[in-house]
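Residue numbers (our numbering), protein chains in the order written: chain A, 556 to 695; chain B, 556 to 695.
Among the hints, erroneous ones may be present.
The list cannot tell twin chains apart, which means a pair is met if one copy fits it or any two copies do.
Said to hold, decoys possible - In silico DMTMM-like pairs for lysine to aspartate or glutamate, Cα to Cα no more than 25 Å straight-line: (1) 658 - 645; (2) 692 - 561; (3) 608 - 638; (4) 608 - 688; (5) 692 - 610; (6) 658 - 610.
The hints are simulated quantities; they were obtained by calculation from the structure and are not laboratory data.
Chain by chain, the residues run as shown.
2 protein chains.
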Amino acid sequence: MQPRVDFISLGVRSVDASRAFYVTGLGWPVHREVPGEVVFIQANHGLILSLWKADQMQAEAAVDNPAGVPCITLSHNVAAAVDVDRVMAEAAAAGATVVTAPKTQSWGGYTGYFADPDGFRWEVAFNPTWTVDAGGKVTV
Amino acid sequence: MQPRVDFISLGVRSVDASRAFYVTGLGWPVHREVPGEVVFIQANHGLILSLWKADQMQAEAAVDNPAGVPCITLSHNVAAAVDVDRVMAEAAAAGATVVTAPKTQSWGGYTGYFADPDGFRWEVAFNPTWTVDAGGKVTV
Numbered sequence: 556m557q558p559r560v561d562f563i564s565l566g567v568r569s570v571d572a573s574r575a576f577y578v579t580g581l582g583w584p585v586h587r588e589v590p591g592e593v594v595f596i597q598a599n600h601g602l603i604l605s606l607w608k609a610d611q612m613q614a615e616a617a618v619d620n621p622a623g624v625p626c627i628t629l630s631h632n633v634a635a636a637v638d639v640d641r642v643m644a645e646a647a648a649a650g651a652t653v654v655t656a657p658k659t660q661s662w663g664g665y666t667g668y669f670a671d672p673d674g675f676r677w678e679v680a681f682n683p684t685w686t687v688d689a690g691g692k693v694t695v
Numbered sequence: 556m557q558p559r560v561d562f563i564s565l566g567v568r569s570v571d572a573s574r575a576f577y578v579t580g581l582g583w584p585v586h587r588e589v590p591g592e593v594v595f596i597q598a599n600h601g602l603i604l605s606l607w608k609a610d611q612m613q614a615e616a617a618v619d620n621p622a623g624v625p626c627i628t629l630s631h632n633v634a635a636a637v638d639v640d641r642v643m644a645e646a647a648a649a650g651a652t653v654v655t656a657p658k659t660q661s662w663g664g665y666t667g668y669f670a671d672p673d674g675f676r677w678e679v680a681f682n683p684t685w686t687v688d689a690g691g692k693v694t695v
C-alpha cells in the first residue's frame, strides 16, 4: 500500500450549508456535484475534498459518529479492482480491522474499508472514472 | 484561502501502536518523529500524514473527541504569519467559527484553528521550517 491519500471525505449534516461555506464563502472550485448529496472540490495536487451527506456516508463507510467513529474517511485509490483486494489484505496483515470487505458500490466502484488502530477509516477504492493527470488535476 | 490541505493529523491513543501499523506494517516512510509524541509520514505530493498523541493534539487543536469533535485536523499552511491572520479572517467571513485565535505555538509556529459548519477543524499554520519542493517533497 503506497503512502497516498486521494480523497478526504467529510460527512456533513447539510451539503448546502457546507457548499455555502467552502464554495460560496471561500471560493473553492467545484469539480463535480450531486446537489444535496455530495460536492467534490479539487484541492491540491491529486487531492479531492469531498463534502458528503453524513447519513449516506455513514451507510457506505460504516462510520457512526454517535458511537465515536469520526465521520471522515481518507481514501486510497488504486488502478484496478484486484488491487483493492491486495491492499485490503496488506492492511489487515499490518493489523488493520476490516470494516467492510471489498464490494461493488452502487456508483460503480469497488471499495473496501478498514480501520486503523484508533478506528480512523480508510477506504481502498477502485473507481473506473477516476484519473489524475501529470499536473495533479483529478477527473472523476 | 486557497483550496489546499498540507497536513492531515490523526489524534492517536498510542503513537507506538500507530507507528507499528503505518510504518512497520504498511512500510510508509517516516519524515520526522518525536518518539511517543508524533510521527510525520510523507504521503503524496506535498502532503504529510501526522500521527499525533491525542492528548497533546486535543490541547493544541481544541478538539474533544468525547464531546463529539473528531480528533482529526486538516492543516492549511501559508508562507507568513500575516497570512494566518488573513486566512482566519476570510474563513470567519465565510461563516467559520474561530476556535483558537492565531497565536505562537511552543514549537515555533503561528497557528489558528477554525471549525467548518459541522465542527471539522482546520488549522491555518505558518511553520517557518516547512517547505515543499517542486516535486512535492515536504521538509519540516
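To see whether the hints hold, each was checked on the structure:
Taking the shortest alpha-carbon separations for residue 658 and residue 645, only the intra-copy value of 17 Å comes in at or below 25 Å, while the best inter-copy value is 41 Å. Proximity of residue 692 to residue 561 under the C-alpha cut-off of 25 Å is found in both arrangements, the shortest distances being 11 Å within a copy and 16 Å between copies. In this assembly of identical chains, residue 608 and residue 638 lie within 25 Å of each other by CA distance neither inside one copy nor across copies; the values are 28 Å within and 31 Å between. When the C-alpha separation of residue 608 and residue 688 is checked against a cutoff of 25 Å, the pair qualifies neither within a copy, at 28 Å, nor between copies, at 36 Å.
Proximity of residue 692 and residue 610 under a CA criterion of 25 Å is satisfied in neither setting, with 29 Å inside one chain copy and 36 Å between copies. Taking CA atoms no more than 25 Å apart as the test, residue 658 paired with residue 610 passes inside one copy only; the shortest distance there is 19 Å, against 36 Å between copies.
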